[in-house]
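Just so you know, the sequences run in chain order A and B. With the working numbering, letter number 106 in the first sequence gets 106, and the count goes up by one each step, no holes. With the working numbering, letter number 244 in the second sequence gets 244, and the count goes up by one each step, no holes.
Since the hints were derived computationally from the structure, they do not count as laboratory data. Take these hints with a grain of salt, some might be off.
[Claimed, not checked] For the chain A half of the interface with chain B, some residues (derived, Cβ under 7 Å), not all of them:
id: 1; residue: Val258
id: 2; residue: Gly260
id: 3; residue: Leu267
id: 4; residue: Met274
id: 5; residue: Glu275
id: 6; residue: Phe277
id: 7; residue: Val278
id: 8; residue: Tyr282
id: 9; residue: Ala283
Even for Gly, the Cβ is constructed at its ideal location relative to N, Cα and C.
There are 2 protein chains.
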Amino acid sequence: MTIATTNRRFTLAHRPVGLPKRSDWDFAAEPVRAPDAGEALVEVRYLSLDPAMRGWMNEGRSYIPPVEIGAVMRAFGVGRVVESRHPDLAPGDHVSGGLGMQEYATLDGSHLTKIDLRVAPLTTYVSALGGTGMTAYFGLLDVGKPEAGQTVVVSGAAGAVGSVVGQIAKIKGCRVVGIAGGAEKCRFVVDELGFDAAIDYKAEDVRKALREHAPRGVDVYFDNVGGPILDAALTNLARHARIVLCGAISQYNSTTGVTGPSNYMSLLVTRSRMEGFVVFDYASRYPEAAREIAGWMQAGRLVSREEIVEGIETFPDALLQLFRGENNGKLILKVGADA
Amino acid sequence: MTIATTNRRFTLAHRPVGLPKRSDWDFAAEPVRAPDAGEALVEVRYLSLDPAMRGWMNEGRSYIPPVEIGAVMRAFGVGRVVESRHPDLAPGDHVSGGLGMQEYATLDGSHLTKIDLRVAPLTTYVSALGGTGMTAYFGLLDVGKPEAGQTVVVSGAAGAVGSVVGQIAKIKGCRVVGIAGGAEKCRFVVDELGFDAAIDYKAEDVRKALREHAPRGVDVYFDNVGGPILDAALTNLARHARIVLCGAISQYNSTTGVTGPSNYMSLLVTRSRMEGFVVFDYASRYPEAAREIAGWMQAGRLVSREEIVEGIETFPDALLQLFRGENNGKLILKVGADA
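Could you put together the complete structure from these sequences and hints?
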């Protein structure tokens, strides 16, 4: 096994205003650091690209501390152990964890999770079996609490989390309506993911379309986007509906402040709730969720759609694809050679 | 018993734009209608003045149908039966119900509830033992679910519902912070109602004051007002906090649309929920709540503070007192002679 001696990585240079620019990071090489006792050195293979990354670049209180200026950009991913001073890890092991936006990660072995390529390929561990799948699973089932026969609406339906949310809701016997941008994405969620209907927010009046596709009201609205689509969903809630706050991608790059949902008093009229969650809180139950999702995938009931972008140097541009809404399914950055 | 032959009443003439004007109603006399089989004729004594009345005047979907143009303005109140063709009601009985903004109500006897003046005086049945008390009780306890030792913040703290919410939260062992407008109201909620602290939103930075008075964060925020105060509360939630949406008095008369809470994503960061409720859903449990509230009053642990305005003809101006925030406690319109 040859170990490279340099590690190229993105460190945060500036806190962005609006959309992040390439100059908000420094991209440079440093020597690979050999592991200390308890640590492992991981060759990074695939990194998850997440809208949440934008939030991690901001200062201030959130569910996770901000990335410090000068620190390696936070990123979750998978890779292969090349050197280990942790008793549970050996060279050749495949692992997932918070590897960072870099080619090599040297970190505490207890922060890594071993993954099994006999269950699913490497990329699946950053999508349906990674944070994306966990977010969809716990957000929908634990917060949204859908019941068979109810109507579940998900925004960002063609995106990483949305595409899994809708499929799990179908498995649970719900009627599922996706909201996505463009005819091709709408076709994707209906034809390839099996949603019952899709609304193209770029071409349709979402409020009117929801009335049509959810004539008895929306029981669960899984929100990835915020903004006018959240407001449209609020106008069409069933009684005792649950709005799952997962994200607000429409607001992350706003330079004029977040626009709150002006129809929020519909929560009162319909006796509904809007609730946030953070997937890390469910860490002790990840294995349970991963087993269930893997089972659905093996049974052909759930597909993990992934789009791979190659080369760590493309990271700043690749991230912007998320905000331009260019991806179907999970956007993944391929860093090193395949396993 | 002398029965008047004319009934003066307010009927809705126009749907208001902004603050309601006197000309939005017609005030006229009509002959008193004798009860049909199953009905009772009630001499109205006290009517509840509620911010919610403003919403009932609007067209459109809500938790209750709008008051129709030409119909008697909806109002809850108490009175005395003067004539009955309902088997359970006799002249002299005191009753509560949806009597309407008028001097005499002829209505289905099954829509009336008999009340007992040995338990509490008549006015209490439109305040702590009426819809106000029921709203405070079920909103706080069933939706807010406060636990002893937690911090409960209530806006509109000197108002009808807020003043009861804070007192119940104290009884349940919570730390209670009220938000009210003006030094006198703040004195009232601390000195007379026993809240732990009060924030004068007209003189203080609410966000900063909340950080000071709720250093471990707000566990339950009972919202009667919406607007910037809701946004301030959102910035200071404890983990797994509950925001109870009871009202949004700051928004009811807006002519430029409702302003949504721009800090709503704090629900995600803190894993919190914002939930609406409608007190009518708890009707089957009103007796249980009334028994408990009456017990607290008899034990001197809860006071029902009431402000009485006299004369049905003053209704349009009296209603505006609510929106100007002039009342401490429950604002009640006295219609007829006392019981």
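Each hint tested on the structure:
{"no.": "1", "hint": "Val258", "in the structure": "holds, 5 Å"}
{"no.": "2", "hint": "Gly260", "in the structure": "holds, 3 Å"}
{"no.": "3", "hint": "Leu267", "in the structure": "holds, 4 Å"}
{"no.": "4", "hint": "Met274", "in the structure": "holds, 5 Å"}
{"no.": "5", "hint": "Glu275", "in the structure": "holds, 4 Å"}
{"no.": "6", "hint": "Phe277", "in the structure": "holds, 6 Å"}
{"no.": "7", "hint": "Val278", "in the structure": "holds, 6 Å"}
{"no.": "8", "hint": "Tyr282", "in the structure": "violated, 11 Å"}
{"no.": "9", "hint": "Ala283", "in the structure": "violated, 14 Å"}
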